[in-house]
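Asks: Listed below, chain by chain, are the residues.
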Amino acid sequence: MENRYEIRYGAVGGQGIITAGALLVDIAVKRENKFALESPTYTATVRGGPTKVDIIISDQRIIFPQACAIDFFVCTYQKPFDLYKERLKDDAIVITDSNLVKDLGDTKNWKLYRIPIINETKKQLGNIILTSVVTLSITQKLTNIIGYDNMVCYIKKWAPEGLVDLNLKAIKLGRDLIN
Amino acid sequence: MRRKQVLQGNIIVAKAALAAKCNFFAGYPITPSSEIAQFMSRELPRMGYDFIQMEDEIASLGACIGASLSGRKVLTATSGPGFSLMQEHIGMAVMAEIPLVIVNVMRGGPSTGLPTKPSQADIMQVRWGTHGDHPIIALYPAFADEIYSETIRAYNLSEKFWNPVVLLLDEVIAKAHEDIELPRKNDIHIYKEKIHRIKDLNIYDREIGENPPRVDFFKGYPIHIDGLEHDKHGWPTSDPETVNKMQTLRMQKIYHYLDEIVKFKEYYMEDAEIMIFSFGVSARSSLAAIKMAREQGIKVGLFQALTIWPFPKIPLKERFKRIKKVLTVELNMGQTKYEIERVSSDDVEKKALLRANGIPFTPKEVLDKIREF
Chain A
1 MENRYEIRYG AVGGQGIITA GALLVDIAVK RENKFALESP TYTATVRGGP
51 TKVDIIISDQ RIIFPQACAI DFFVCTYQKP FDLYKERLKD DAIVITDSNL
101 VKDLGDTKNW KLYRIPIINE TKKQLGNIIL TSVVTLSITQ KLTNIIGYDN
151 MVCYIKKWAP EGLVDLNLKA IKLGRDLIN
Chain B
180 MRRKQVLQGN IIVAKAALAA KCNFFAGYPI TPSSEIAQFM SRELPRMGYD
230 FIQMEDEIAS LGACIGASLS GRKVLTATSG PGFSLMQEHI GMAVMAEIPL
280 VIVNVMRGGP STGLPTKPSQ ADIMQVRWGT HGDHPIIALY PAFADEIYSE
330 TIRAYNLSEK FWNPVVLLLD EVIAKAHEDI ELPRKNDIHI YKEKIHRIKD
380 LNIYDREIGE NPPRVDFFKG YPIHIDGLEH DKHGWPTSDP ETVNKMQTLR
430 MQKIYHYLDE IVKFKEYYME DAEIMIFSFG VSARSSLAAI KMAREQGIKV
480 GLFQALTIWP FPKIPLKERF KRIKKVLTVE LNMGQTKYEI ERVSSDDVEK
530 KALLRANGIP FTPKEVLDKI REF
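Line by line, the protein sequences are chains A and B. Quick note on the working numbering: the first sequence kicks off at 1 and runs consecutively. Quick note on the working numbering: the second sequence kicks off at 180 and runs consecutively.
Bear in mind the hints are in silico, worked out from the structure with no lab data behind them. Note that CB positions come from ideal geometry on N, CA and C, so glycine has one too. One or more hints might be untrue.
Said to hold, decoys possible - Just the calculated beta-carbon pair ranges, DEER-fashion:
1. A:Thr43 / B:Thr427: 44 to 52 Å
2. B:Trp307 / A:Asn127: 50 to 58 Å
3. A:Asp149 / B:Trp307: 31 to 39 Å
4. B:Ile369 / A:Asn33: 25 to 33 Å
5. A:Asp149 / B:Arg501: 51 to 59 Å
What the hints assert, rightly or not - Residues of chain A placed beyond 10 Å of chain B at every Cβ, according to the derived structure:
6. Asp26
7. Val29
8. Lys30
9. Ser39
10. Arg61
11. Phe64
12. Asp71
13. Gln78
14. Lys89
15. Lys102
16. Lys108
17. Trp110
18. Leu112
19. Lys141
20. Val164
21. Leu177
What the hints assert, rightly or not - Here are the simulated lysine-lysine pairs, BS3-like style, with alpha carbons at most 30 Å apart:
22. B:Lys470 / A:Lys157
23. B:Lys470 / A:Lys30
24. A:Lys34 / B:Lys364
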């Protein structure tokens, strides 16, 4: 099989993870010249229900377009955690919100990080929607699937005028939360 | 080097349609095809062309037929339930020989079914959904670049053969956002037929195997277009000899050009002892499985149909002279499996991997099935 890395973000609609997935794929393709694909949830659940986005990044053309052995999982709410923890590798890296995902069940050989993503985003950045960039930054730091400099350059261009600094703060928060 | 983009499958269809000079869209949005209508509703008016959201899919195809007759290159996009409603007008377009491109992003059925789940459910509906003996062309891309090229090809074939062409797409691929390098404008071939100035109104007059002439509709010629069987003038007839001739003309304009219409891809077939026959997302599951199987020393290859109708009967028969094991992989309860049975002899061992519960096969599942041989 091709050299592929599978990432899944799970949350409730409005937390910004679908944006996080789109950003990650765009950076991987446009800045790193990788092959990438993302499949976001698109039903009514994106408005407040459990949502997920699956991202596949590879050095070669992606053959099978769905995640089937997930390497990296970020989840910020209990219900999507219960729904979407299937297909995780036994040794996956798993990041959960420590306040909103209480029951993890069998944690297998996961490399587990329990961090207060949502609370800290709200407290330090003032808007929960920045969870998108915080999640992206966490992913970058833990996987190095995209380069740090490429991420920062991309976010500087992508962020709306006047909000660049806030987005850079979100990148910093993501990194700090892992320490 | 061309710059890579990340585009959703549905948007690739819409962009390719515009590149093929599509200038009319009539449709009724339906999951999982809605982004095509959404994109066209923004782009076509911006370019000075027309987008109409109709009251339903019956009216949508009616509007497309009218627009096509007036020389527009048309598009409509739907899913299984909407495609069912379009069947009567598909028959009309076949009978009256009107170019149409219809995209069907399939979902689980029957009826309202599984709106957000993939299913390769409409393969037989595409072939036999409208009544009566009729020719149909259906194309079935699997990868992002194929979505683009097959959409362009759908236009070229519909224009060349004056027939509806259906582009089938799987939900998984239509909804995924994938990297793609779009071709340069100059690298895209768009079929363009010269317009014939007709003198004697024999618009359906031609020899067997010839394409109908492209005529200048609504430019001062009284032309009769009818869903009734008609003669060379387009006037209704039930004269058996004429009916026979017209039926043959319509069928043969497609079947004389199979080499041009039937397209497929092959992977790892040179030394294959087992052949997988598949298409769309199932071909992608199969190809990933084949790579795993090859690592285990299993000689298996893939025949990926890009044209599903007319069925790639001749190339398959050729393969079956050498390969005596075939596995059909499709996300339905067994539709092309029967076609494979028709084109392969008894000495070919046949297996099928079938499912219609909305979950695509993982490569591992296909591999397990390969190992059953």
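Asks: If a hint holds in the structure, say so; if it doesn't, say that too.
Replies: Each hint tested on the structure:
1. Between threonine 43 (chain A) and threonine 427 (chain B) the beta carbon distance is about 48 Å. The supplied range of 44 to 52 Å therefore holds.
2. The hinted range of 50 to 58 Å is satisfied by tryptophan 307 (chain B) and asparagine 127 (chain A), whose Cβ atoms lie roughly 55 Å apart.
3. For aspartate 149 (chain A) paired with tryptophan 307 (chain B), a C-beta distance near 57 Å fails the hint of 31 to 39 Å.
4. Against the hinted window of 25 to 33 Å, the Cβ-Cβ separation of isoleucine 369 (chain B) and asparagine 33 (chain A) comes to about 30 Å, which satisfies the hint.
5. Checking the proposed 51 to 59 Å range against aspartate 149 (chain A) and arginine 501 (chain B) shows it holds: the Cβ atoms sit about 53 Å from each other.
6. Look at aspartate 26 (chain A): its CB is around 5 Å from the nearest CB on chain B, not clear of 10 Å, so calling it non-interface is violated.
7. Under the 10 Å C-beta cut-off, the non-interface status given to valine 29 (chain A) relative to chain B is violated; the minimum distance is some 4 Å.
8. A Cβ of chain B approaches the Cβ of lysine 30 (chain A) within 10 Å, the least distance being about 7 Å, so the stated non-interface status is violated.
9. The Cβ of serine 39 (chain A) sits about 5 Å from the closest Cβ of chain B, inside the 10 Å cut-off, so the non-interface label is violated.
10. For arginine 61 (chain A), the non-interface assignment is contradicted: its Cβ lies about 8 Å from the closest Cβ of chain B, within the 10 Å cut-off.
11. Here phenylalanine 64 (chain A) does not stay apart from chain B, with its beta-carbon only about 4 Å from theirs, under the 10 Å limit.
12. With a closest Cβ-Cβ approach of about 16 Å to chain B, aspartate 71 (chain A) is found to remain outside the 10 Å limit, as its non-interface label requires.
13. Once the 10 Å rule is applied to beta carbons, glutamine 78 (chain A) is consistent with being away from chain B; the minimum gap is 23 Å.
14. Every CB of chain B is more than 10 Å from the CB of lysine 89 (chain A) (nearest about 13 Å), matching its label as outside the interface.
15. At the 10 Å boundary, the C-beta of lysine 102 (chain A) stays outside the reach of chain B, the nearest C-beta of that chain being 29 Å off.
16. Distance check on lysine 108 (chain A): its Cβ is at least 18 Å (rounded) from any Cβ of chain B, clearing the 10 Å threshold; non-interface status holds.
17. Distance check for tryptophan 110 (chain A) against chain B: the nearest CB is about 21 Å away, which clears 10 Å, and the non-interface claim stands.
18. With 10 Å as the threshold on Cβ separation, the claim that leucine 112 (chain A) sits away from chain B holds: the shortest Cβ distance comes to roughly 25 Å.
19. For lysine 141 (chain A), the condition that its CB be more than 10 Å from all CB atoms of chain B holds, with the nearest at approximately 23 Å.
20. With 10 Å as the threshold on Cβ separation, the claim that valine 164 (chain A) sits away from chain B holds: the shortest Cβ distance comes to roughly 22 Å.
21. Taking the minimum C-beta to C-beta distance to chain B, about 27 Å, the non-interface status of leucine 177 (chain A) holds against the 10 Å cut.
22. Of the pairs offered as hints, the one joining lysine 470 (chain B) and lysine 157 (chain A) is violated, with about 39 Å between alpha carbons and a cut-off of 30 Å exceeded.
23. For the suggested pair lysine 470 (chain B) and lysine 30 (chain A), the alpha carbons sit about 27 Å apart, so the restraint of at most 30 Å is met.
24. Between lysine 34 (chain A) and lysine 364 (chain B) the alpha-carbon distance is near 24 Å, which keeps this suggested pair within the 30 Å criterion.
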